[in-house]
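**Q** Sequence:
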Amino acid sequence: KVSMLIPSPPSDLKSRDIIRRRSNVNHSKLILSPFHTRLNTVLYYRLKSGALLLNSLLFNWKLHHSPLCRICFSTEETIQHILFDCQAQSEETVALKRFCSLAKIPNTYTAILDSNLPWEIDRKIFKAAIDTLKKRNIV
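In my numbering, the protein residues as written are 821 to 959.
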């Protein structure tokens, strides 16, 4: 008798399809939408939190023999050094600096984190930073 009051969904639908139809949100794309791949999304959140596995961090954990940069071997490998200060400049680093200058923020890692930029500009800056990390095999 109760089933007559509540319409049942068609039998070919699964429960998650029913939830998606009700909310009109594609939840599978919601998490990955900023960068379209899981790797880029993970790198974005690691950059935001400062949790990249760099030589300086690995050295502190006694998992690497040296804290020096793996490219130039001159100073300690930090996010600031890799993204802006390393002598081995790449196209991605130049693009990152260009986006920072267009957004009128200094070329520092803390300025990127502290800035309240529109999402489109923030996304371009972090996409350039992610490309820099990939180019330097820090992934």
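Since the hints were made in silico from the structure, they are not lab data. Backbone N, C-alpha and C fix where the C-beta goes; we use that ideal spot for every residue, glycine too. Just so you know, not all the hints are guaranteed correct.
[Said to hold, decoys possible] What follows is a set of in silico ranges between Cβ atoms, one per label pair, in the way DEER data are often shown:
1) 935 with 871: 14 to 22 Å
2) 933 with 909: 18 to 26 Å
3) 879 with 922: 30 to 38 Å
**Q** Decide, hint by hint, whether the structure agrees.
**A** Taking the hints in turn, this is what the structure says about them:
Between residue 935 and residue 871 the C-beta distance comes to about 20 Å, which sits within the given range of 14 to 22 Å. Taking the beta carbon of each, residue 933 and residue 909 are about 22 Å apart, inside 18 to 26 Å as hinted. Under the hint 30 to 38 Å, the C-beta atoms of residue 879 and residue 922, about 35 Å apart, fit the expected range.
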